[in-house]
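Peer 1: For the protein sequence lines, the chains are X and U, in the order given. In terms of our numbering, the first sequence has 190 at position 190, counting the first letter as 1, and numbering is strictly consecutive. In terms of our numbering, the second sequence has 24 at position 24, counting the first letter as 1, and numbering is strictly consecutive.
Where hints are given, some of them may not hold.
Here chain X is said to cover these stretches of chain U; the calculated rule only asks that three of the stretch's residues, wherever they fall, bring their Cβ under 8 Å from a Cβ of chain X [claimed, not checked]:
#1 6–17
#2 24–32
#3 214–225
No lab work stands behind these hints: they were computed from the structure. As the structure is a computational prediction, the values presented were derived from the model and not from experiment. Each residue gets a CB set at the ideal place from its N, CA and C atoms; glycine is no exception.
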Amino acid sequence: MNLESIDFKLFIETDNNPFILFESSGHIIYLNNAAEMLLCYVGTKELYDLTLTYAPKTFGHKSTIHSLEYESFSFYSLMVGYETDEQIYLRLYNKPLVQTKISISNESLIATDINTILEANITLFQLESNAAISLFVDQELPAFKLDQNYFSIMLRKAFNSFINSTTLDVVLKLIVGEYILIDDKKHQMIELVLKAPKRRVDHDDEISQLANQTHIASSLKPEIIKFQIPLIL
Amino acid sequence: MKLFYSTSTKVQYITKGLELSKSLFVSSLIIGEAHIGKKSLIKSIFPEIPWVDGSDIIKLKQTLNKHDELIISNFELYGDYSIGDFKGKRIIAISDSTSFPSHIDSLFAFIYTMPSLKERPEDVEYLADIFTKEARSIFMTKDISPLDLAKIDLADNTKSLKKAIFEHQAYNTITPNKIERILYNYFEKELGGNNDYAKYLPIFEHPLIMAGLDKFGSQLKLSSILGINRNTLRKKVYELGIN
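All chains, full assembly: derive it from the sequences and hints.
Peer 2: Laid out in structure tokens, this is it:
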């Protein structure tokens with residue numbers, strides 16, 4: 001087989017692990033799809049500095065086991081390599097997710113307008129907080145199935161972690177191009193983001209647990225809480 | 001009269017939250033001091049949902065078996081907060097107590113703390129107006145000066161307010177005949193010692209001198225009004241412990 005006729009770039013392009021090729025000045029020459037998504041959350045300079053920190057001493061390739069977290073991205077290892085003085089690449093390896101077979105009991109799920117449940121939670125939050133709330137929500141989201149009680153308890157606790165904040169940004173939107181498989185069925189996802197300069201983190205374990213119970217992916221950082229909610233129609 | 005009314009911002013937030021939750025199948029807990037309008041608020045928002053008292057465990061369990069939606073008043077008296085009982089139910093619980101076992105927090109989607117009447121001065125005026133109208137209708141009075149609301153002790157919230165207004169109306173319509181009747185009933189019940197004249201005389205003298213001093217400002221003036229020597233008045237003031 002003539003390997004030269006195979007377009008290897010395509011494999012890198014669609015690889016789930018981010019790959020970035022830098023020129024010596026730190027500018028990006030090439031990046032794959034996964035890296036493009038990562039760059040929405042982390043700056044080019046930070047990644048270039050990381051590349052130089054873990055670069056091999058001389059020409060070649062070096063793998064390092066190193067845990068990295070950027071928003072909802074988690075990596076367990078990285079590889080840096082260069083064959084010339086002109087270009088250097090960084091490849092990050094996704095931390096494998098614990099795969100549990102997701103199955104949902106339909107009994108507790110009720111078709112819900114998520115904007116109503118969100119508004120009720122914001123109203124409750126405003127009872128105790130003076131935070132200036134900036135709301136960016138998609139009012140056109142369709143009603144979808146949720147365990148309303150659990151979801152609302154989770155939201156109450158999430159909002160409560162921002163109780164002492166002076167500001168709170170709330171974003172609710174449909175995620176484009178990402179899906180979750182539940183009972184072998186593909187579902188779109190809705191993302192809810194709560195963000196403030198700082199928040200209480202003492203109930204984070206409880207919030208994560210409630211999110212798991214309701215099949216919601218959660219990411220809790222000191223300034224931001226992000227939920228990815230399956231849109232079960 | 002509306003079933004529930006409040007101009008307090010906090011109560012309006014609670015009302016809005018509960019209104020929004022009407023379209024959701026979620027459980028809510030509303031807590032706060034007694035006599036602040038929790039029950040009236042819930043009744044006005046959820047008029048169709050059956051009620052049960054938390055102190056009546058047997059009836060509560062029977063109603064839970066029969067209905068998916070339920071309002072539990074006096075929730076603090078319901079000792080068995082087992083989660084299983086509430087699963088798949090929409091519970092609206094009302095409680096005068098704010099202390100519960102920690103897992104209660106995970107039973108309710110929304111937990112509202114309603115402010116007391118002391119924290120809602122804007123509502124005191126409105127309620128005082130309603131209670132005054134009610135009292136005037138009962139006592140058939142109309143020209144009695146309004147009560148100074150700032151001086152009312154609101155320890156028992158609307159109960160204290162209503163009591164103070166009704167007492168004010170009653171005291172201001174009282175005639176000597178009624179006073180005599182009240183005193184007669186009181187003495188008939190209480191008399192029976194060996195020095196009762198001296199014991200009960202202050203019941204007459206104390207309000208007489210207090211009101212006189214408040215009205216005329218000085219013992220000199222009051223002694224002339226009462227037609228007694230001012231040294232006698234001074235002695236009475238001292239004996240009665242009037243400051």
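Peer 1: Please go over all the hints and tell whether each is borne out by the structure.
Peer 2: A quick look at each hint next to the structure:
| no. | hint | verdict |
| --- | --- | --- |
| 1 | 6–17 | holds (count 5) |
| 2 | 24–32 | holds (count 4) |
| 3 | 214–225 | violated (count 0) |
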